[in-house]
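Keeping the supplied structure of chain A fixed, place chains B and C upon it in accordance with the hints.
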Amino acid sequence: MRLKRKDILAIEELDRDELEMILSSAQSFKEVSERDIKKVPTLRGRTIINLFYEPSTRTRTAFEIAGKRMSADVINISASVSSVKKGETLKDTAKNLEAMRPDCIVVRHCSAGTAHMLAGLLSCSVINAGDGAHEHPTQALLDIFTIRERLGRVEGLKVLIVGDILHSRVARSNIWGLRNLGAEVTVCGPPTMIPPHIERLGCSVAYHVDDAIADADVIMMLRIQLERQRATLFPSLREYARCWGLSAERLKKAKKDVLIMHPGPVNRGVELSPEVVDGPWSVILEQVTNGVAVRMALFYLLLGDIKED
Amino acid sequence: MRLKRKDILAIEELDRDELEMILSSAQSFKEVSERDIKKVPTLRGRTIINLFYEPSTRTRTAFEIAGKRMSADVINISASVSSVKKGETLKDTAKNLEAMRPDCIVVRHCSAGTAHMLAGLLSCSVINAGDGAHEHPTQALLDIFTIRERLGRVEGLKVLIVGDILHSRVARSNIWGLRNLGAEVTVCGPPTMIPPHIERLGCSVAYHVDDAIADADVIMMLRIQLERQRATLFPSLREYARCWGLSAERLKKAKKDVLIMHPGPVNRGVELSPEVVDGPWSVILEQVTNGVAVRMALFYLLLGDIKED
Amino acid sequence: MRLKRKDILAIEELDRDELEMILSSAQSFKEVSERDIKKVPTLRGRTIINLFYEPSTRTRTAFEIAGKRMSADVINISASVSSVKKGETLKDTAKNLEAMRPDCIVVRHCSAGTAHMLAGLLSCSVINAGDGAHEHPTQALLDIFTIRERLGRVEGLKVLIVGDILHSRVARSNIWGLRNLGAEVTVCGPPTMIPPHIERLGCSVAYHVDDAIADADVIMMLRIQLERQRATLFPSLREYARCWGLSAERLKKAKKDVLIMHPGPVNRGVELSPEVVDGPWSVILEQVTNGVAVRMALFYLLLGDIKED
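Residue numbers (our numbering), protein chains in the order written: chain A, 59 to 367; chain B, 59 to 367; chain C, 59 to 367.
Isolated chain A (complex conformation):
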């Protein structure tokens, strides 16, 4: 089994069969990380480069662990120690890395379109680990994997995404993926954070979180990315938490078995109150576990040398 594409750049580009193939492959790989010996020889002799222009613990570590558990050689490059300081263009950096014959470059960058640009330039695989406010496909895949594993399906589910939809690559990737797999998606947040014409992506918009919560099967809370916003789009964190945060009190209006998701890192007391983060609805840590499995699946489906059926 192998994907008929070189790169994973955006959920928008993946068709339903591809999504299903990735999710089902991730299910197989999840088991590897539950063993005593968390290692398969699948990617022995392959080289994966993690090229991160934005700081990240969770995503970089998940890719690194996924690669190492498949026996690949993993090289980390972070912008702070790279030749960025020397004024080289991203294109040249990428071409230079390609010349060292990696099999895959995982790239995170603050500019939308970076991963696409690199994929067009390079003959090796490129995986988008987040490009500006555009897409974060591996996050959406692990989110959808978690929903499907917990609820048994995606089709027909009602998913509510709450927060800064405007700046969120996580929201964008999830909307594409969830819609493609047949979920109903509603986005909700401060009006300044809802992009105009978001309905064109096939989702609806709610402006009152209390109303929107009531019939959701899944609530995805987005991170307020304090470090990324240039202007203040809401009066204060306290105000944001009061209006848009999920507290146990507010959750009383939700279905009893609603799933609460968050891509992390959580600003406790802002998007989620501590009792919700740690409560029975929360699958936040399962998301992280599944993130390793999803990345193993992608490495396998892009780099594995298994013959196609």
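Any given hint could turn out to be false.
One copy or two, either will do: identical chains are not told apart, so a pair holds if it fits within one copy or between any two.
As the list claims (entries may be wrong) - Below, computed lysine-lysine pairings styled on DSBU-like, alpha-carbon distance capped at 35 Å:
#	residue 1	residue 2
1	Lys62	Lys310
2	Lys216	Lys62
3	Lys311	Lys216
4	Lys216	Lys313
5	Lys64	Lys149
6	Lys313	Lys97
7	Lys153	Lys64
8	Lys313	Lys88
9	Lys314	Lys149
10	Lys153	Lys314
11	Lys88	Lys64
12	Lys62	Lys311
13	Lys310	Lys153
14	Lys88	Lys216
15	Lys153	Lys216
16	Lys97	Lys149
17	Lys311	Lys153
18	Lys149	Lys313
19	Lys310	Lys149
20	Lys153	Lys313
21	Lys149	Lys216
22	Lys310	Lys216
23	Lys149	Lys311
24	Lys311	Lys97
Please keep in mind that the hints were generated in silico from the structure rather than gathered at the bench.
Chains B and C alone, transformed into the frame defined by chain A:
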């Protein structure tokens, strides 16, 4: 052989049998690093995360080399590139890392108690690589290993620890371990750097280094941690060196075969004069070599899948 | 096959047989990186430490990939997170690392002579990855490898090196190596950037780039290291590009099949115009590919346990 505990957090918690088991296991592993092929398959498929919130070359590298020589996958996370910047709590960072199924997290942090907190939260093993001014158990283990290897025993030896006892996790861990194994420990340093009631740990206090030196079998010099002290606890480095530093001249008062130890990095000309650092009494570099062996032993005794006797 | 030396510190020290042995070994190793399974077991159980006191993507990554493809354990230490901050001397850092029993330390440092100093101190192998304005031997080896592979020989070729000869370790290493293998070397650049008595290295000096270009078989353009120069040695970047940069227009005066080389990272529009960087004359990316092969060869010839013929 396996330790009947999940974590190594503090020498204070280890009983004499455990200390002996670690030291004897380290003796076996020391040989691995002297081979041409410095590699054993013991921890193949295990994942070790080095989570360092304070900069460190020696300790991080020793843990990384120890893990890799045992065939484990080793992941380095340093605070400067981590999601610390994004405001995540340490607890959440740790729970997230745990969700990726590491077998062991090695943690260094400026706050006393960090390793204990993580060990309580996490199901994987936690090794304390230094928590504030509390403990640095692997340093004490390698120190004690070095003493035992050089002098054949610990019981009955007279060990003098000189320097900033107040802020030193190295001193604290060594006092617990050395006392437990039957050594007599004396601490010595500027009065501002001797914690009140330190005698309760079972050691005695000397205020004149020249007197204290005379009958010591081992002298451990502590590092003046210029980068960590907030207030100046002594007039000047020159003054410190004159009063508390070890010079060849001062060493004339000591036993001829006294061992001089230092956890590094040495401030040459402050704690130790250069001719003492590089002199025949010094076992400073042996300490470093033994540090790899001790960490291999701990990984083995915590993560190895050998059945218990 | 094995080099009869412990270290690679300077091209100046290598005789012609050694250069040939390295180039021919690199030719064999180049093939490894073109396989699906880019891995040989040659250095299993060996430990390589990359000790970089200057930032570098390309060189550090090339050494790391070379080591990992030979199955060595590779440890990265960058000055920004090391105990440099704690005031330890370089000598002590090196002795401490040696105590952990690495087989090889790859060192980059801003001070000329650093690698030699470490090699004299340490029993393990030392490879100079650039020491101040002194030498950068692995860069020259990959440059010469590229020339030889492309043109079939080095003997008798005319090589022109253009740029800041004064500050360039790349120029110095290439002059030694190319001269030793029988090439004619001419250096060219602003008079402020030509060291006095450079002819003593066996090369000639040209002050007009247009004249010098005409009969060159190879043109090596040096990087203007904006981040390293203390005083401005030329009026402006635009002026530098006009006088000393290579444009397609200027290249009309060169041989049709001239090779254009650059050690990277390129300042596009300064040393080379974009159409030259990406044009048919350029072998810049081949240099990078060959850099992995050359480093694999050096690791093999220094650390491999193959018996000597």
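(request) Any hints from earlier that this structure breaks? Give me their numbers in increasing order, please. (result) Structure breaks hints 1, 6, 12, 24.
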